[in-house]
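Protein chains: 2
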Amino acid sequence: MEGDGKTVLLITGNAGKYREAARIAEGYGIGVKMLDYPKIEIQSNSNEHVSMVAALLAYSHLGAPLVVEDSGIFINALNGFPGVLAHFIKGGIGIEGVLKLMEGKKDRSAFFKAAVSYVDNDAVKCFTGICRGSISHKEIGEPEESLPFDSVFMPEGSKVTFAEMGVDEKSRYSHRAEAFKKLFAYLKEDRS
Amino acid sequence: MEGDGKTVLLITGNAGKYREAARIAEGYGIGVKMLDYPKIEIQSNSNEHVSMVAALLAYSHLGAPLVVEDSGIFINALNGFPGVLAHFIKGGIGIEGVLKLMEGKKDRSAFFKAAVSYVDNDAVKCFTGICRGSISHKEIGEPEESLPFDSVFMPEGSKVTFAEMGVDEKSRYSHRAEAFKKLFAYLKEDRS
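Residue numbers (the working numbering), protein chains in the order written: chain A, 646 to 837; chain B, 646 to 837.
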């Protein structure tokens with residue numbers, strides 16, 4: 646890492662994501678600063694690719710080591726739909742449209758994936774986390790506005806949806822936490 | 646226009662699009678050169694925005710006046726889905742998924758939109774063309790591989806789908822031709 650080697654910028658406008666990352670980073674002796682800066686997201690069906698390009702483009706403006714996270718949900722019976730583009734579902738066909746597409750599908754398996762990319766002057770490294778589970782037959786619970794799929798996703802080993810869980814319970818399954826842990830372990834190693 | 650004022654670069658890997666643009670440009674005394682160069686497409690629900698950003702980014706590398714086209718299909722009963730991201734449908738839910746979402750919908754209206762952006766040293770200008778029509782109840786005709794929605798889109802005033810039409814008939818309805826005509830009229834005006 647460049648600079649003081651103790652703090653990394655996280656490009657996000659989402660305070661919840663920032664808090665989750667900062668709490669994990671603490672355990673590795675690393676500080677996180679939130680920066681609400683434009684994240685240029687390209688069209689792609691790979692979260693890894695989206696987050697690496699966004700990180701590189703932000704770095705080219707900011708010139709400081711930084712982190713960009715991107716996530717999606719992949720439904721196996723729908724060939725991975727909606728994937729990276731999950732955040733376009735809400736203003737479009739909605740969760741009810743996704744449930745309609747799932748009518749009559751025996752395989753209801755799906756997974757959330759988070760990709761966390763770190764860029765500095767020499768490289769871009771991407772770390773991923775996955776949470777496997779299944780799509781429920783109807784919406785259950787009250788999801789946060791920005792996380793509509795939480796009301797239809799039940800992680801493996803749970804009988805409730807993400808939307809029914811408290812923060813602590815949900816974080817045990819978190820694809821995002823898994824990716825951040827890999828990143829911070831890498832950064833700790835890299836500096837020692 | 647910069648340079649000789651007679652030729653403009655079209656960034657595309659699609660020879661069909663190039664031929665369509667070149668034929669129209671001829672009528673305005675303008676030449677078109679095809680360049681198969683990376684088109685950086687951002688996530689957005691606006692074709693205008695996608696094509697303007699792609700044009701600006703290509704210009705920043707190439708430094709020559711150029712044109713980028715981007716198009717989508719917007720289904721009204723699905724709140725504009727799939728829109729700009731139509732080209733992700735094919736590997737995902739497919740046209741059969743779109744028809745399933747349309748089951749029971751009385752309003753089957755939809756429109757294709759093309760956005761054509763021109764960038765030079767001073768400005769980016771975007772020109773659009775729209776073709777209104779409706780979504781058929783099943784796939785009819787054999788569409789080109791890259792144009793899967795042609796088999797379910799019937800333009801207003803026609804009883805057949807785009808996939809059933811020959812090139813000349815389809816071009817009478819073409820959203821893309823409309824946008825290119827506006828561009829070439831602007832470029833002709835600009836130079837005189």
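Hints were generated in silico from the structure; no laboratory data involved.
Please note: incorrect hints may appear among the correct ones.
Given that identical chains are not distinguished, each listed pair holds provided it fits within a single copy or across any two copies.
Mimicking DSBU-like on lysine-lysine, the simulated pairs with C-alpha atoms at most 30 Å apart in a straight line are [unchecked claim]:
#  : residue 1 : residue 2
1  : Lys678    : Lys770
2  : Lys827    : Lys783
3  : Lys770    : Lys827
4  : Lys827    : Lys750
5  : Lys804    : Lys745
6  : Lys770    : Lys750
7  : Lys770    : Lys751
8  : Lys735    : Lys783
9  : Lys750    : Lys804
10 : Lys678    : Lys833
11 : Lys826    : Lys745
12 : Lys735    : Lys751
13 : Lys827    : Lys745
14 : Lys750    : Lys783
15 : Lys783    : Lys751
16 : Lys827    : Lys678
17 : Lys684    : Lys735
18 : Lys735    : Lys750
19 : Lys678    : Lys751
20 : Lys826    : Lys783
Now for the hints, and whether the structure bears them out:
no.: 1; hint: Lys678 with Lys770; in the structure: within (19 Å within a copy, 38 Å between copies)
no.: 2; hint: Lys827 with Lys783; in the structure: neither (34 Å within a copy, 47 Å between copies)
no.: 3; hint: Lys770 with Lys827; in the structure: within (11 Å within a copy, 44 Å between copies)
no.: 4; hint: Lys827 with Lys750; in the structure: neither (34 Å within a copy, 46 Å between copies)
no.: 5; hint: Lys804 with Lys745; in the structure: both (22 Å within a copy, 29 Å between copies)
no.: 6; hint: Lys770 with Lys750; in the structure: neither (37 Å within a copy, 46 Å between copies)
no.: 7; hint: Lys770 with Lys751; in the structure: neither (37 Å within a copy, 49 Å between copies)
no.: 8; hint: Lys735 with Lys783; in the structure: both (16 Å within a copy, 26 Å between copies)
no.: 9; hint: Lys750 with Lys804; in the structure: within (20 Å within a copy, 34 Å between copies)
no.: 10; hint: Lys678 with Lys833; in the structure: within (16 Å within a copy, 51 Å between copies)
no.: 11; hint: Lys826 with Lys745; in the structure: neither (36 Å within a copy, 40 Å between copies)
no.: 12; hint: Lys735 with Lys751; in the structure: both (24 Å within a copy, 21 Å between copies)
no.: 13; hint: Lys827 with Lys745; in the structure: neither (36 Å within a copy, 40 Å between copies)
no.: 14; hint: Lys750 with Lys783; in the structure: both (14 Å within a copy, 21 Å between copies)
no.: 15; hint: Lys783 with Lys751; in the structure: both (15 Å within a copy, 24 Å between copies)
no.: 16; hint: Lys827 with Lys678; in the structure: within (18 Å within a copy, 47 Å between copies)
no.: 17; hint: Lys684 with Lys735; in the structure: both (20 Å within a copy, 27 Å between copies)
no.: 18; hint: Lys735 with Lys750; in the structure: both (22 Å within a copy, 19 Å between copies)
no.: 19; hint: Lys678 with Lys751; in the structure: neither (44 Å within a copy, 50 Å between copies)
no.: 20; hint: Lys826 with Lys783; in the structure: neither (32 Å within a copy, 48 Å between copies)
In summary, the structure is inconsistent with hints 2, 4, 6, 7, 11, 13, 19 and 20 from the numbered list given earlier, while agreeing with the others.
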